[in-house]
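Protein chains: 2
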Amino acid sequence: MIKDPIQPTDDDARRILRDLLAEMQHAVLAVNPPDSPFPHLSRIALQADDDRTPMALLSGLATHTRVLALNPHAGLLIAAPPAKGDAMTQARLSLQVIAKQLPNTGPEHAARLEIWVGRNPKAKVYATLPDFHFWRMEPQAGLLNAGFGKAYHVTAADLANPPA
Amino acid sequence: MIKDPIQPTDDDARRILRDLLAEMQHAVLAVNPPDSPFPHLSRIALQADDDRTPMALLSGLATHTRVLALNPHAGLLIAAPPAKGDAMTQARLSLQVIAKQLPNTGPEHAARLEIWVGRNPKAKVYATLPDFHFWRMEPQAGLLNAGFGKAYHVTAADLANPPA
Chain G
49 MIKDPIQPTD DDARRILRDL LAEMQHAVLA VNPPDSPFPH LSRIALQADD DRTPMALLSG
109 LATHTRVLAL NPHAGLLIAA PPAKGDAMTQ ARLSLQVIAK QLPNTGPEHA ARLEIWVGRN
169 PKAKVYATLP DFHFWRMEPQ AGLLNAGFGK AYHVTAADLA NPPA
Chain L
49 MIKDPIQPTD DDARRILRDL LAEMQHAVLA VNPPDSPFPH LSRIALQADD DRTPMALLSG
109 LATHTRVLAL NPHAGLLIAA PPAKGDAMTQ ARLSLQVIAK QLPNTGPEHA ARLEIWVGRN
169 PKAKVYATLP DFHFWRMEPQ AGLLNAGFGK AYHVTAADLA NPPA
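Residue numbers (the working numbering), protein chains in the order written: chain G, 49 to 212; chain L, 49 to 212.
Hints may be right or wrong, so weigh each one.
If several chains are the same, the list does not tell them apart, and a pair holds so long as it fits within one copy or across any two.
[As the list claims (entries may be wrong)] Below, a list of computed lysine-lysine pairs in the DSS-like style, where the Cα atoms sit at most 25 angstroms apart:
#1 K198 with K172
#2 K148 with K198
#3 K170 with K198
Simulated from the structure, these hints should not be mistaken for laboratory data. In this text, all values refer to a predicted model and were calculated from it rather than measured experimentally.
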């Protein structure tokens, strides 16, 4: 008999999630163009918003952004920053998200931009270009892989509520 | 007027591709489950085969493998090994692929396994488990992003024929 390899999320898993979200600066995005059977992958800039929702900063010129405007069902793979060692044993979080573009004017945008650039000063050179917008990546479900034999189902609540 | 940001592939791009394929040990895979609008992302072990086709070594128990058996249209994001510096300026290759499972018995499998484990000795502990198979990821089209302002359309021929 084969054991279900996916475990329920516990505090250990929630701590790994908390650290992944706190440190994340980029991720891999998958989108589904309406006219193609192939998912399209790209690396994007991604940081946690105040409420820990993953937030992308995307150029309207990029293929992935044009696809998201047509089909907001997307996937993210969020991993710890590059490190030595075996990439297959490092923690990574696979999320199903609904993407929502936010306006790139107004005080909320300005506040978000300031926090973003504070965490990633190099973003300054493009973040204020008129084709760049923040996109909320609202988690619907997820899978945390923390190495061989350590896989957890992750809910939106697990992401929003870290352990103390 | 907005300039097309994607350039035709040249020898510089083909050299970057050659190095990415030669060094790759893993990648991000996106698959589309037939019963979900969300692409599913995961990190997988990936190496170039003799003819430079990306080849994955996958467990039949993994979600992505079960999805590939139902829908072979997949995406890969292949990046250089972890390095310091800005992840958004490092070269990465986004591929559209058709996945094909290979038999895990016979002399061709044994030869492939020997080469694979030679490049990644840690794979020895799972590579011979009965649920593991090689999957050819046959490239249909691709996009190479070698940093801001350096994006190239990539064909299967560009991948198969590196510059001297």
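These are the hints, each one checked on the structure:
Taking CA atoms no more than 25 angstroms apart as the test, K198 paired with K172 passes between copies only; the shortest distance there is 19 angstroms, against 38 angstroms inside one copy. For a Cα distance limit of 25 angstroms, the shortest separation of K148 from K198 qualifies neither inside one copy, at 31 angstroms, nor across copies, at 27 angstroms. In this homomeric assembly, K170 and K198 come within 25 angstroms of each other (Cα to Cα) only across copies, at 18 angstroms, whereas the closest approach inside a single copy is 35 angstroms.
The structure fails to meet hint 2 from the earlier list, while all remaining hints are met.
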